[in-house]
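Read top to bottom, the protein sequences are chains A and B.
What the first sequence shows, in my numbering, is residues 1 to 200, in sequence order.
What the second sequence shows, in my numbering, is residues 1 to 200, in sequence order.
Worth double-checking, as some hints may not be accurate.
No distinction is drawn between identical chains; accordingly, a pair holds when it is met within one copy or between any pair of copies.
[Unchecked claim] Below, computed lysine-lysine pairings styled on DSS-like, alpha-carbon distance capped at 27 Å:
| hint | residue 1 | residue 2 |
| --- | --- | --- |
| 1 | Lys-64 | Lys-196 |
| 2 | Lys-111 | Lys-158 |
| 3 | Lys-28 | Lys-73 |
In case anyone wonders, no lab produced these hints; they're calculated from the structure.
Protein chains: 2
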Amino acid sequence: MTQPIDFYFEFSSPYGYIATEIAEETEKRIGRPMTWRPMLLGPVFKITGQQPLVQVPMKSEYSKHDFVRSARKHGVPFYYPQKFPINTVAAVRAFYWTQDHDPEKARPLAKALYRTYFRDGRDISVIETLLEVARSVGIDADALSRALEDPALKERTKREVDASIAAGVFGSPYFIVDGEPFWGVDRMPMLEDWVKSGGW
Amino acid sequence: MTQPIDFYFEFSSPYGYIATEIAEETEKRIGRPMTWRPMLLGPVFKITGQQPLVQVPMKSEYSKHDFVRSARKHGVPFYYPQKFPINTVAAVRAFYWTQDHDPEKARPLAKALYRTYFRDGRDISVIETLLEVARSVGIDADALSRALEDPALKERTKREVDASIAAGVFGSPYFIVDGEPFWGVDRMPMLEDWVKSGGW
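Here chain A stands alone, though its shape is the one from the complex:
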């Protein structure tokens, strides 16, 4: 039972943000490592025919209220960004490049990107902002800047996103443990029960 838990998230997802803030505590409590796998919901919406929550009539108002309430429940500062959702492909590329070149910095980068977007309200789809965040966690931002234009990194990212879709990931956050999928930050207690009890 030492296979890591796959932890998928989209950088434009408030629930994904909350999940990255609490996942490491979950990880410690259950004694199973997680592999962080940022992905993109854009290609998922093309398959499901759905839209971001905040663009769906009726669900929109509930979601905006629930983002704030859920964050507050977990003690996570959250401010609804003016520009939302945003395109996060560059953030995902930056994550996987960091994973490959400076792996210890990958989680700090993910958390800093989320905080920049959902605490500071700054648009992380802007490359200068993205690089500034990378620099703030000690990543070589010049090397990253060059890498972001590299077709190999684009291809590497595309493979990850395709793999997440092939694994059935349609939302954020989304966890897979021993083949068992859990969708949503509100399902993290269920994931924890599942792992601790060996399933039911």
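Knowing the structure of chain A, use the given hints to seat chain B on it.
What follows is chain B alone, placed relative to chain A:
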């Protein structure tokens, strides 16, 4: 703080079924009564542009797995019905008629309808089946049978469904306590926390 909690559900919703099986325990623990309010998701889907979960690519497989897993977690027998989803307008009418004429039987009717559909796999959109279920909980099925054709009951039901939509209800189960909405059987612990703590 004695205002009842509004508890909305759709008879074709597996999560609504699970909620009716556990809501009375929640009610006892939190010491707040609930008003049961069956509604219809069909008109909601027209507004949101969405479809039943099991008709959405990617979400479909997850949902079918999760219905079973969630029911098992709560110790609720559940079998995926062959015909799903179904039109539940007659079930909703039967509920409100019972509410008005034999109110003590309304919750037993709701639970028996759900069990007939999700335990026994029988189609409760068939009027004969619906009446048989009503009779099994001690309701005057002949009177109900006549009432189901009555425009006044149709109108009464339509008003309830319209009111649920006006209240923002877009899913099942859905709870509103002191204006605070909670969507999903997996949010019932959050609702309970909210009521016990006075919110956060």
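Hint check:
no.	hint	result
1	Lys-64 to Lys-196	between (32 Å within a copy, 23 Å between copies)
2	Lys-111 to Lys-158	within (21 Å within a copy, 48 Å between copies)
3	Lys-28 to Lys-73	both (20 Å within a copy, 24 Å between copies)
Against the hints set out earlier in the document, no violation occurs for any number.
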